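J.: This is what each chain is made of:
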Amino acid sequence: MRIFYIILYIIIIIISIPWYWSDNTNIVFYGFPFWVIIAILGSFSASCLTTYLLLKKSKDNE
Amino acid sequence: MNNLLPLGLGAWIFISCYLLSLLIIGWYAKKSRKENTLNDFYLAGGGLGFGVLFLTFFATQYSGNTFLGFTGATYRIGYSWILSLHFMTSIVVCYLLFAPKLHKLSKKQKFITPPDFIKYRFKDKLLTLLITIIMLLVLSNYLLAQLMAMGRVMQGITGNEYFYSFGVVSLAFIIIIYGTMGGLRAVAWTDAIQGIILIIGFSVLIIILFLKFGSLIDATNIILEQDKLNNTRKALIPDAQTCRQWLSYIIIVGFGLSLYPQAIQRIYAAKNLQTLKRSLAIMSFIPIPIMMIILISGIMALAHINGLEGVATDQVFGMILREIQNYSIIGYGVSIIILSAILAAMMSTADSALLSISSMFTKDIYFDHYDKEASEKKLTNIGKFCSWVFLIVLIFLAIILKNNFSLVALMDRKMDLLIQLAPAFILGIHYKGLQAKPIFWGIIIGTLLALVLAFYDFSFTQKGKVYGFHPGLIAIIPNVFIAIIGSYYKKIFIKFT
Numbered sequence: 001m002r003i004f005y006i007i008l009y010i011i012i013i014i015i016s017i018p019w020y021w022s023d024n025t026n027i028v029f030y031g032f033p034f035w036v037i038i039a040i041l042g043s044f045s046a047s048c049l050t051t052y053l054l055l056k057k058s059k060d061n062e
Numbered sequence: 063m064n065n066l067l068p069l070g071l072g073a074w075i076f077i078s079c080y081l082l083s084l085l086i087i088g089w090y091a092k093k094s095r096k097e098n099t100l101n102d103f104y105l106a107g108g109g110l111g112f113g114v115l116f117l118t119f120f121a122t123q124y125s126g127n128t129f130l131g132f133t134g135a136t137y138r139i140g141y142s143w144i145l146s147l148h149f150m151t152s153i154v155v156c157y158l159l160f161a162p163k164l165h166k167l168s169k170k171q172k173f174i175t176p177p178d179f180i181k182y183r184f185k186d187k188l189l190t191l192l193i194t195i196i197m198l199l200v201l202s203n204y205l206l207a208q209l210m211a212m213g214r215v216m217q218g219i220t221g222n223e224y225f226y227s228f229g230v231v232s233l234a235f236i237i238i239i240y241g242t243m244g245g246l247r248a249v250a251w252t253d254a255i256q257g258i259i260l261i262i263g264f265s266v267l268i269i270i271l272f273l274k275f276g277s278l279i280d281a282t283n284i285i286l287e288q289d290k291l292n293n294t295r296k297a298l299i300p301d302a303q304t305c306r307q308w309l310s311y312i313i314i315v316g317f318g319l320s321l322y323p324q325a326i327q328r329i330y331a332a333k334n335l336q337t338l339k340r341s342l343a344i345m346s347f348i349p350i351p352i353m354m355i356i357l358i359s360g361i362m363a364l365a366h367i368n369g370l371e372g373v374a375t376d377q378v379f380g381m382i383l384r385e386i387q388n389y390s391i392i393g394y395g396v397s398i399i400i401l402s403a404i405l406a407a408m409m410s411t412a413d414s415a416l417l418s419i420s421s422m423f424t425k426d427i428y429f430d431h432y433d434k435e436a437s438e439k440k441l442t443n444i445g446k447f448c449s450w451v452f453l454i455v456l457i458f459l460a461i462i463l464k465n466n467f468s469l470v471a472l473m474d475r476k477m478d479l480l481i482q483l484a485p486a487f488i489l490g491i492h493y494k495g496l497q498a499k500p501i502f503w504g505i506i507i508g509t510l511l512a513l514v515l516a517f518y519d520f521s522f523t524q525k526g527k528v529y530g531f532h533p534g535l536i537a538i539i540p541n542v543f544i545a546i547i548g549s550y551y552k553k554i555f556i557k558f559t
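Residue numbers (my numbering), protein chains in the order written: chain D, 1 to 62; chain B, 63 to 559.
Bear in mind the hints are in silico, worked out from the structure with no lab data behind them.
Be aware that one or more of the hints could be misleading.
No more than 30 Å apart at the CA atoms, straight line, and that leaves these computed lysine-lysine pairs for DSSO-like [what the hints assert, rightly or not]:
(1) K476/B to K96/B
(2) K333/B to K56/D
(3) K527/B to K169/B
(4) K166/B to K56/D
(5) K181/B to K499/B
(6) K163/B to K56/D
(7) K527/B to K290/B
(8) K333/B to K434/B
(9) K290/B to K163/B
(10) K446/B to K56/D
(11) K166/B to K476/B
(12) K527/B to K172/B
(13) K92/B to K172/B
(14) K166/B to K527/B
(15) K290/B to K169/B
(16) K527/B to K476/B
(17) K56/D to K172/B
(18) K172/B to K553/B
(19) K170/B to K56/D
(20) K172/B to K494/B
(21) K56/D to K96/B
DEER-style ranges, computed between Cβ atoms [what the hints assert, rightly or not]:
(22) N368/B to F29/D: 20 to 30 Å
(23) G369/B to N26/D: 18 to 28 Å
(24) I391/B to F34/D: 34 to 44 Å
(25) F29/D to N443/B: 53 to 63 Å
(26) Q336/B to T25/D: 36 to 46 Å
(27) F347/B to V28/D: 22 to 32 Å
Which bits of chain B does chain D cover? Going by a derived footprint, with three or more residues having C-beta under 8 Å, they are [claimed, not checked]:
(28) 279–288
(29) 342–350
Since the structure is predicted, the reported quantities are computational estimates derived from the model, not experimental observations.
The beta-carbon is built from N, C-alpha and C at its ideal position, and this holds for glycine as well.
Can you make the complete structure from the sequences, with help from the hints?
T.: See below:
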């Protein structure tokens, strides 16, 4: 299961860093470039996963 | 911070009241002490509850540089500085790897300082001393940078160059007085006040920013136009080099900052495991509002304040404050709260660093190497004395190095050094087969390689980075390799002999 969560974090990083976007994308969404929104959502997902692992998962382990 | 309007009497009264409240808290913390022991002084008796623990984690992790330096960074590189949101989140993810286990162990073995874990785990004096020295060097440089920043803020507020030294001395003395009166209890309680001021100040800042500069859509469109004209990528997709740097920051800051000695001591000081986990869970969401406010401040400045380049971009936060001060009487009030918040951020970082330095010097150097018979009372007094000596030396350095930025630039190397300690702490807590000597040589090789890559101008390095990656991150590869392979072969060698 640990490997599964590490893979989840890696996937979040891969999606959040905008290496795969085409060079001239300039869609603006709620004032932010769209790739910035994806980066923010990535960070939010990592925070949710961390909270889950801290509060739920490790409680089960104890 | 040299762009502010002169502050009125009301503003000075507000700032003075805030500083006075820190001294009162220090006095109250002293009254609340339960015993004259190292545990009570440096870890508040190991009884920090959820609210205080969370706020002290927050105030310690977000320094003055987070607000001044990061706004400047956004101004320089644009939206790509959203990477700071990722690396601040990665710190809590890295805590997940070792904090719960380390906390349980610290309660059982009564750890006071980070090297206490190394002593217990590896039972090797040389390795413990090496780790203590690296941590002391990193923290001393960090504390010096905070003292110099406090002086510059005071210089900016008064508009008078001579107030730099006054700022360094007066604020440093306030820190040492409440720090030596109440130890971590005083530091954590003042951190809590400082954390609250930070949250209030920056929540109001974002509202005023939109009222003053208009919508974010307008700002982004202006930057997109500037990108087309100047052939820059401040709102466009970042280039490959920036993406590599982004990944490098996530890893190096995550591992490096989670190993800050003062952060490790807060893991020890948590009341219980549940309190620690709940505080860390809230901490994992904190980067989103804070980094967003900093990013938006930098973006607004990039769109509406033109002409700053190079080192001058670090002045951008001061310029935003001046715009807010000019905006209205409410704006003036908000700028005072934000100034106090920045002072608070610097002081809370400085006080934690000072307390950590004092604890490691007392416990891991004085007690371990000079006076094994010293009583807890004597050690606590030596810790206080050592805080005074360290601070006076650093005040002196901060004043004579006033215009010397090269020493503070070394601070950029702290992550490169701290990450070299990750195998000892993070692998050490999980992998029972890890041996002291391979860890020792791994740290030596890793540290030397990181410093050589950072300071020597190779054909493949650019601005101290290797293809966008931090030298510390490259150096951690041989470090981990030596630690694991060395431990494996040493185990086999011992088995056969």
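J.: Holds or violated: K92/B and K172/B, Cα atoms, limit 30 Å.
T.: Holds, because 22 Å separates the two Cα atoms, which is no more than 30 Å.
J.: Decide if the proposed pair is consistent with the structure: K56/D and K172/B, CA atoms, cutoff 30 Å inclusive.
T.: holds, 27 Å
J.: Holds or violated: K166/B with K527/B, Cα cutoff 30 Å?
T.: violated, 38 Å
J.: Run the distance test for K333/B versus K434/B: straight-line Cα separation, threshold 30 Å.
T.: holds, 29 Å
J.: Do the alpha carbons of K290/B and K163/B lie within 30 Å of each other, as the hint requires?
T.: Given pair K290/B, K163/B is violated - Cα atoms ~52 Å apart, limit 30 Å.
J.: Does K446/B pair with K56/D here, judged by a C-alpha cut-off of 30 Å?
T.: With Cα atoms ~41 Å apart, K446/B and K56/D exceed 30 Å; violated.
J.: Taking only the CA atoms, is the gap from K172/B to K494/B under or equal to 30 Å?
T.: holds, 20 Å
J.: Please check whether F29/D and N443/B have a Cβ separation lying inside 53 to 63 Å.
T.: Roughly 59 Å apart at Cβ, these two residues keep to the hinted range, so it holds.
J.: Would you mind confirming whether the straight-line C-alpha gap from K333/B to K56/D stays at or under 30 Å?
T.: holds, 19 Å
J.: Is K476/B close enough to K96/B, meaning Cα to Cα at most 30 Å?
T.: violated, 36 Å
J.: For the pair supplied as a hint, K163/B and K56/D, confirm whether the alpha-carbon distance does not exceed 30 Å.
T.: holds, 16 Å
J.: Can you take a look at whether the stretch 342–350 of chain B is actually covered by chain D? Rule is 3+ residues, C-beta closer than 8 Å.
T.: holds (count 6)
Hint check: violations occur at hints 1, 3, 9, 10, 12, 14, 15 and 21; the rest are consistent with the structure.
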